[in-house]
Amino acid sequence: MKIGITCYPSMGGSGIIATELGIKLAERGHDIHFITSNIPFRIRKPLSNITFHQVEVNQYAVFQYAPYDITLSTKIAEVINEYDLDLLHMHYAVPHAVCGILAKHMSGKDIKIMTTLHGTDITVLGYDHSLKNAIKFGIEGSDIVTSVSKSLAQQTTDIIETDKEIIPIYNFVREKEFPTKGDTPSKADLELKACYGINPEDKVIIHVSNFRTVKRIDTVIETFAKIHQQLPSKLILLGDGPQLMDMKEKARELNIEDSVLFLGKQNWVSEFYQISDLVLLLSEKESFGLTLLEAMKSGVLPIGSTAGGIKEVIKHKETGFIVDVGDSNTASTYALELLTNDKLYNEMQQRMLEDVAKRFSSDLIADQYEYYYKKMLEDNND
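Just so we're aligned, residue 1 is where the sequence shown starts under the UniProt record's numbering, counting upward by one.
What the hints contain is simulated information worked out from the structure, not anything from laboratory work.
Please read all numbers here as calculations on a predicted model, not as lab measurements.
You may find that some hints are simply not true.
[To be verified] List of simulated lysine-lysine pairs, DSBU-like, C-alpha gap at most 30 Å:
| no. | residue 1 | residue 2 |
| --- | --- | --- |
| 1 | K164 | K150 |
| 2 | K164 | K181 |
| 3 | K317 | K375 |
| 4 | K248 | K104 |
| 5 | K187 | K150 |
| 6 | K358 | K136 |
| 7 | K187 | K311 |
| 8 | K248 | K311 |
[To be verified] Derived CB-CB ranges, DEER-like:
| no. | residue 1 | residue 2 | range |
| --- | --- | --- | --- |
| 9 | E78 | L254 | 51 to 59 Å |
| 10 | D258 | H53 | 20 to 28 Å |
| 11 | T333 | L47 | 39 to 47 Å |
| 12 | D258 | V325 | 27 to 35 Å |
| 13 | E257 | M106 | 17 to 25 Å |
| 14 | T51 | P185 | 22 to 30 Å |
Glycine is no exception: its CB is placed at the ideal position from the N, C-alpha and C atoms.
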C-alpha cells in the first residue's frame, strides 16, 4: 500500500506513534509518505520505503496569519496525485483530518482517510465551541476513526456528540527502542547515575511530561517527598513546560530540592528508564499515557492515576498500581511497598512484561492498523 501520514513531527505522543507506525509499516514493505512541517524527530537516518514531503508555509502580506491549513491541504493533494497514494492516515481531527478531507477533494480522487484521535483534539479542543463543529466534520468525513484508548473513544462520543464508530487501537513502543533493563546495572547505567549524583543504593523514581497543570507534577513531587523520608532516593523529572519553575519551588518548599533532578527534555529517554525503579504518571487527564508504556517495556514498574486511558494500560495490583487523582498518600504507600519488597517487585515486574508483550507489541498494533487499511480499500472496491 501507498500510505500518506500527517502528524505533528515534534516530541509528543501523537508524533511518536505516527512516526513509529510509519517506520513499522515501511519495514513491512509499504510505501510511506510523511507529509509534515518537518522531519519527524524519531526518523534519525534515511529509511527505505519512506519519503518525507515538507510543508513550507509562506508569509504573504494578504494573510494576517500564515495559512498552514491551506498549504498543508495543497501539499497533501499534490502527493496524492504525484505518488498515487492509496490512503491517508491523519493524526488529530483538527487540523489534520479536516486538511485530509480538503486534499481529497483537491486531488479529485476517492482516496480513503483514516483519522487517529490522540486526546488533546478531543479533551481540550472539543470543549471549544468554535472548534467543535470542525472536529465533528473531520471525524465524520473520515472513512475510519480510531482512538488510542477505549476511554478516549467514549469521551469523543460524549463531547463531540457523534454517531461515528470510534475504534480503539492502543499505542505501542518499538521493542528495540526500549530494551528491558537487566537484573544488575551495567557499566553505562552506573556511569549515568554517577553523572547526576545518584548513589548506587538510591531508589530512582522517574516522571516524563510536558509540565502542564494536567500532569499533576505537584502530586508526583509530594509522593516522592513521602518516599524520600523512608528510603534513600532520587526523583528524575524529564521535560519542560509552563509549570517548570513552580515545580522547582515546590521541591524547595518540601526541602527535597537536592534529591529532585530537573533534567529538561532528553532525546534518549530510554537510557533513564534503564536506571529507574518506578515511573509515576498521576495526571488528571490522560488519553493513554505513552510514557508509562515506554517505562513498562523497559522493566520499570508504574504507579498511575485513574485518569482516562491510564487504567487501561496498568492492571491494578497485577502490573502496577492505580490511585485516585491527587492521592499522594496512597501512591507513596504503594511505592514503598514495591521498593522494600524485592519478591513483590520481581513478581509484578514479570507479569507486567508479559502483559506488555501480549497487549502492546508493535506487531500486534501494526496488524490492527493494516486490517483497517485493507478494510477501507476493500470497501472502496465493492
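Consistency of the hints with the structure:
no.: 1; hint: K164 x K150; in the structure: holds, 14 Å
no.: 2; hint: K164 x K181; in the structure: violated, 42 Å
no.: 3; hint: K317 x K375; in the structure: violated, 38 Å
no.: 4; hint: K248 x K104; in the structure: violated, 48 Å
no.: 5; hint: K187 x K150; in the structure: violated, 41 Å
no.: 6; hint: K358 x K136; in the structure: violated, 33 Å
no.: 7; hint: K187 x K311; in the structure: violated, 35 Å
no.: 8; hint: K248 x K311; in the structure: holds, 29 Å
no.: 9; hint: E78 x L254: 51 to 59 Å; in the structure: holds, 55 Å
no.: 10; hint: D258 x H53: 20 to 28 Å; in the structure: violated, 48 Å
no.: 11; hint: T333 x L47: 39 to 47 Å; in the structure: holds, 46 Å
no.: 12; hint: D258 x V325: 27 to 35 Å; in the structure: holds, 28 Å
no.: 13; hint: E257 x M106: 17 to 25 Å; in the structure: violated, 55 Å
no.: 14; hint: T51 x P185: 22 to 30 Å; in the structure: violated, 41 Å
Violated hints, listed in ascending order, are 2, 3, 4, 5, 6, 7, 10, 13, 14; each of the other numbered hints is respected by the structure.
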